[in-house]
Structures are given as structure tokens and as C-alpha cells.
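Student: Using the sequences provided together with the hints, build the complete structure.
Protein chains in written order, with numbering that gives the first Met the number 0: chain A, 0 to 358; chain B, 0 to 576.
It is worth saying that the hints were derived from the structure and are not from the lab.
Owing to the predicted nature of the structure, the values given are computational and were not obtained by experimental measurement.
One or more hints might be untrue.
As the list claims (entries may be wrong) - Heads up, simulated SDA-like pairs for lysine to any residue below, C-alpha to C-alpha not over 20 Å straight-line: (1) B:161 with B:66; (2) B:540 with A:142; (3) A:344 with B:348; (4) B:78 with B:148.
Said to hold, decoys possible - Sample of chain B residues at the chain A side, in silico, Cβ under 7 Å: (5) 110; (6) 113; (7) 531.
Beta carbons: idealized from backbone N, C-alpha and C, even for Gly.
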Amino acid sequence: MAETVEAKGPRRIQLPVLDSFLWLIRLAAVFAVVWGAYFSISSGRLSGAQWKDLVIFGLSQGSVYALIALGYTMVYGVLRFINFAHGEVFMSGAMVAFFVARGLSRTAMWTDQVFLSLLLVMLASAATSTMIAVLLERIAYRPLRGKPRLIPFITAIGASFFLQYAIAGLFGFGFKSFPQVPALSGSFFFAGFRVLKTQSVVIVAAVMMMVGLYLFVEKTRTGKAMRAVAEDQEIARLMGINVDRTISIVFAVGGAMAGAAGFLYLLVFQQVFFLTGFLPGIKAFTAAVVGGIGNIPGAMIGGLLLGGIESIGPSLVLTGLGIPSAHQLKDVVAFLALVMILIFKPSGVLGERVAEDRA
Amino acid sequence: MPALLEARQVQLGDAVKTGVAAGIVAVFVSAIGMVQRFDGRIIFASLTFSYVMLIAIFAGLGYRAAQPPARLEGYEAPKAGARNVLAGLIAGTAGGVLLALFILLAGTANLRPIFPNISPELIEILGFGREPPMGAILAALAAVALGLLGGAFQLVPSRLKKAIAGTLFWVILFALLRGVLAPVTRGLGITSLTDLLYEREGLSIAGLVAVAVVVFSSYFFLAGRVRAARSGLGRLPENRRRIVLLAGVAVVVLVLGALPQVVGVFLSEVLSAAGIFLLMALGLNIVVGFAGLLDLGYVAFFAVGAYTMAVLTSPISPRFTPELTFWAALPFVILAAAVAGLMVGTPVLRMRGDYLAIVTLGFGEIARLLFLSDWLEPTFGAARGIRRIPDIALGPIVMKGPQDYYYAILLFVVLAAYVSWALQESRIGRAWMAMREDESVAEAMGVNIVAAKLWAFVIGAIIASFGGALFATRIGSVFPQTFSVVVSVTILVLVIVGGLASIPGVMLGALALVALPELLREFEQYRFLIYGALLIFMMLKRPEGLIPSRRRMRELHEDEVEQDAWLKAEAAKQEAN
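Tutor: This is the structure:
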């Protein structure tokens, strides 16, 4: 990044002040985490089993974030652009999944052919999200390629708002509750952890999809084209790669993952409404940055990490610091993680896979 | 003639696409309930606003379909002819077929469990009151006719075209703004004017004719004269010009000062609401427009201002007992905002544009969640908020009611506008603009980036906190749920639609986008949908905004100017060969 280059002139005097301020924040954060963790563990307010439950919940929620994060990270890798409306792509899939599931739950298939009907719901969700993501790219982003980077970003903010309120206008403003899946109620024990059946479905499905995506990007011709376009659009074009089509595929694959995530989200949280996309969207973006934006395995690790932090963090750190009803501050923890990671390690844990900034 | 310069004709295949787009838009506005909701607003006789909207969609896209491809510098303009009309007709047909299919589908299957807005009433409106098969045919025919009309409009000479479009726009606006004109004419004592212009609902025939004639003729008579007057002003000597400008300012101040007395309580309320948003938009304009720092958490400063004011002045605020007056609390509000500005600004000093936006968004949400939390409940009252914030008092005069508040808000708006205007050409203003265009180059030229960024954040924060303080006292209470990201985006929309870095643009944006939806209640539900669509549209078609700032416009269209220059050179080369 150009910003980190040592500056000359008047900034030389100011930099130590700024740096020491940032170090102060860093130390305070580490201190707060250690202090809070020490007190909440020593107080023994939560039993071992409860901690384990939190871990499993964090994993299942984190795998949903990871799936959404893939869309952010792939688009960023190719276009250096944050698709702010990606959360809404995810939400639209979940919304359609709800209607398909409601239709199916009135038939005998819902109980007789559980996995087939769940697969149908997921396909419907993924198809919707794919379609919306591709249309979005075609209508709103493609004409702006090559413009100053804030212009497509502002467009994406507009698209996010538009999609939220379009969905609300089409399907109504209220909460929609996903029908119960009888075959998935209850839980089982795995390696000493109590796992809800829905959680196991979510984790397994997410991991399978991520492995599939990884293989797709690394092993197929189309995946190779994507990597080439991410590396250098101009050269890729000269090599005979259809850049527009490849970018469309990137959006399509990201959208499909987000749609699948929408379905899995419904399994975990049971509810969807028109603003559902906002928080998971921001958190998934955080996950993408945590793992190193542009980096596909990074998005998976970042998602799981963020899910864990968000699930365990409030009880572990905030309660230990003596903050009442810490679960209320779950989202604050996620946003703090976002702010901290962007300030202190914007390249993420696995490192950015983004070529030097040309902007 | 060289091939490069040949006229390009309108493509009929594209017309089908445009027509399908028109059909989809029409089905979309029907399915989200706009058509049915706007049916209550009568424009003229039995023409309701929902029909105006549908007519605009089909005729507008018919016109668009008939438009010849974009003409670059150096190209020959193709003659408009039968081909253009045909394109409009094709587009109208494609769109009409789609709409008819929708009507047939909605008439036979009950879609309401999934799409609550697709109701029998909607089908009735779309089919001109007929049952589906007949109604669908009628709707399709109407769409075909409108597409044809739109296409034919391409043949009208451009000056007349502008006048007709303008007249239609103003007639519809007048019909919609009955609620504004009625109290104004009452305040001025000329109610007979409203009686003449309007019927019980919608415009009267006399009103329609009068508005149309006035607007239409002004397009022909005023067009040249305004420009002549402006250039005449430019030719005046410096001191004379200053006198004219001062007179202009005096007139504006007089009008603004008399406004609440003329327009009455309700409109003053609307103006106050718009004024607070305008104030914040002016502040955000400094951060985003001048300095180029995209702040999506601007609402945090609004919240800081509102909560500081509330805690310091409300008698039932839990933490702070010596209750201050508005004016005594104001320095503390400024202080709190400045601290908040530094707190947000310092960590993000090294961040790139879009990352900066996301981090500030995070700060905004953190602020809201903290105000809402039980943790800080003893100070900020969590979800219950803080109530009983006293009115502003100026000596013995207590400001009560929207008409008084208008003046308080006006004071701060004028202050913010003056500060923006003064900063624009100041040393720091130039530093901001240099930074916005290229940070590295600006730094190399000796601009102190750290100071420039922090000043932008602090000044923006202070202006937003004024907005918050006024908001808190005007409503008399603060609740954390008011301060969501929606507010940040709304302010951003005002700034961008009006024109980044353009002070008059921001003012127009606030009036059109906050005051109008307050007046037309049926728009309220679709406000954010329209904001989102506007953001996309503006970025695609007019990134410089409605009233662009001249310098900003040059930045945004740099590449186009280069492209045109290249094309011209290329054409000249061919000519030479």
C-alpha cells in the first residue's frame, strides 16, 4: 500500500504521535481482552458444556459468514471493489427460500423426502441470488468499470438500499418464519460437543461448498481464467480471455454461495426480513478482511474466526469486564473486530491476494 | 465521407430490449404497491398519479428506444425519421405484451400470499376497470400507443421538445403541490388563486391551462434573457456587481425570514425537518465533497450532538443534574463532537476510500448500539431514551412550535453554509481539494494530509452535532433507534444527488428529497427505494449531481474530454489521408 511508505516533510513530526496513539489503542485492546477473559474464566459463571455450546454455535454461524464472505472476496480480488449490496443478494435468496419452503411444508414431501426438499429450497435460494448478483453487475457495475473507485462503491450502496426496499415492497415488511423441519430437530454428541442437527447440516454443507469452490477456482479452466483476470485484466484480455464473461461468472458464483448461505442462515436463525442482509453482510465483509481479502481459503478461516469471536467474545471478555447483559453487545464486538482489523492488519491473517493498488 | 464519421442509426433489436425493460419496470412498480397507493392522488379530472407514472414509464422508454445511439464529437447526427417512430412502437409493443401477461397471470392465479400488493384493485387499475382478458388487451394497446407517442416525440425539434417536457413536469408538480400552495396563498391573503387553480381534487381546467401557458411561454421568452442578464451582471464593474449581489442576498434573507409566517405551522414543520437534514448535508459535504473522505457513519456525530444536548439539559436525564440551557450546553456539544471527530478520524488516517467508508460505518453502528445498551443505561437511558428536553430560550423569549424552531434552524443552516463557502477557497479548502484529487501528489506538494483529514472530520462532526442538538430540542426527546445507518445514507444521498462539493446543489437536494416526501405522504413508504434508485442512477448518468461544482465536474469527466480529443484527432487524420 502506498500509504505505508515512509513520508517526508512535515509528516515526519506527526507520525510518531499518531503511531503511539495507535499503539495505545492496541495495548488497551489486548489488555481488555486478557483482563476480561481472566475474570470470566476464574469466576466460573459458565460451565464447560456452555462454553462448548458457544463454540459450536460460533462455528455454524461462522460458516454462514464464510459462505457470504466468498462473494466479497472474489469480487474484490477481481475488481478491487467492495460489493456493498452483497448482503442483500444473500437476503433475497433467503427470502425466496422461505416462500419455497413454506410451499413445500404443506406437502407430504417435507416429511417424506426431507433431503430432497431441503435441496430444492437451497437450489431455489442459490438460483435467486445468482440471478440478482449477475443482473446487479450487468446493470449497475459494468458501465462504471474503470471510473474512480468511490463511484461504483456509492452505486453499490444505492443498490443495497434499493434491493432492501424492493424486497420489502414485493413481499411485505414483516418477519417471515421458516417452517420447522421435523427431521432436523434435536441434537447429538460429537467428540464431547453437543451439536444441534441443524448446526451439523449447516457446517457440513458449508464446508462441502467451500471445498468445491476451491477446487473450481484452482483446477478448472474457468477458475484459471478468473485468476488470470484478477491478476491483470488487460493481459488476460490479450491472452484471449473474455473478461466481461469471466467477471459475470465471478458474480454468479459469489451469488450462488450467498444464496446457499441464505438457506443455511434460515436453518440456524429461523427468521428473515428485508433488513436481514445488513448485519451478516457487514460481518461477512469483516470475515473476508480478517482472512485477507481476495484470498479464498482466507474467507473461510476468517468466517469461522469471526463467528467464534462474536459467539464467545461477549461472554468471555465483556462479562469479565463487568459489563451487564453483554449479549446485547454481540454486534458491537463484531464491529470492533472490523474496525480493529482494518486499522491494524488490513492485509488479514493469510495476507491479501490483491495485486498492488493502481488507484 | 470517412467511415468513422458515418451517422449511426437506431437499432430495432435494442428497441425490443428497452420495451421489455419498460414492461418489467411497470410490473415492478405494480407489484410493490406504488400503482395502487398513488391512485388516490388526482392530477386532473380522473387522471391519477399512478397513471401519470405508468404513462411516463412507457412513453419515456419509447422515447429512449427511439433515441439514436450516443453521438460523439465528430460524428454526423442522423436524421430522425420513420425508423425512430417504429422503434418506439416496437418498444411499446414489447412492454405492453409483458404488462398484459402480468395482468392475465395476476387475474387467474391468486398471488397475494406471496406478493401482498398484487390485489384485485391493482388489476382493476391496470386494466382501466375492465376484467382481465379485456383489461389486459386495453393495457397492452395503451402501452403500444404510448411507445409510439414516445418514439414520435423524437421528431419534435429540440427546443420545442424541451418546452413541452418542461410544461408537463411543472403541471404535474403543481397538481401534486396543492398542499403547499394552499397555505401559502392563505398566508398571503389570495385564496382566490388556489380556488381558481384547483378543484376539490386535482387541477381545474383553468389551472391546467394557466400553468401550461405560463410555463410553456416562459421557456421561449425567458431562455435567452436569463443568460443575457447573467452575462450583463458579469460585465458590471466590481463595486456595482457587489451591490447587485448584496441586494440579491437581502431579498433571499427577507423571503426566508418571512417564510414561516406566510406558510403556516404545517409547512414550517416540514421546512424545519428538511433544514436539519440540510444542515447535516452541508456538514457531510465538507467531509465527502471537499475532502473526498466517504463517511458512512456520519450519524454518529448527529447522535453525539443530540445525546450531549439531552443529557445536559433534560431535568430527568439520569447522570447530570445541573441542567443547562440550550446556549450554555452548546459549547459542550461542540467539544463532544470535536472529540468524537478526532476519535473517528485518527485511526482511519491511513485508510483507502472504500475501507474508510466501511470503518466509519462500523463506528456509526457502534455508537448506536452503545446508546442502546444496558451498560450505559444510567447515562443514556438505553431504549427508553431521554425525554423532556426543554425548548430553546433566548432571554425571555421561549421558542415554542415549529414556526419558532424554523428560525433557530435557519440560523445554524446559514452559519454552516457560510462556513462551507468561506472554507472552500481558504488554504485548508484548497488542501482538501488537492487531497481529494490525489493524496500522494498533494502530500508531495507539501499539503499536510494529517491535519487536513482531521480538520475535515472535526468540522463535519461539529456541524452534524448542531443538527443533533437542534433535533433533540425540537422533538423534545432522543431515542437510540433514530440514529441508524439509514440516516447516514440519507444524508449521503442528499449530498450526491444535489452535487458533491456544490453548496446550492446540497440545498436543492435537501429540499427535493426530504421536504417533498414529507409533503406527499404516499411516497413515505418508497422513500428509501427511491433514494437507492437515485444513487444508482446518478452514479451511472450524472455523477456530478444536479447542480455540479465546476471543479468536481472537470475531475469526473477528465477521461471523456480526452476521449473526445482523441476521436477528433483520429477523424482529422483520416480526413487528411
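Student: Checking against the hints above, which ones are violated?
Tutor: 5
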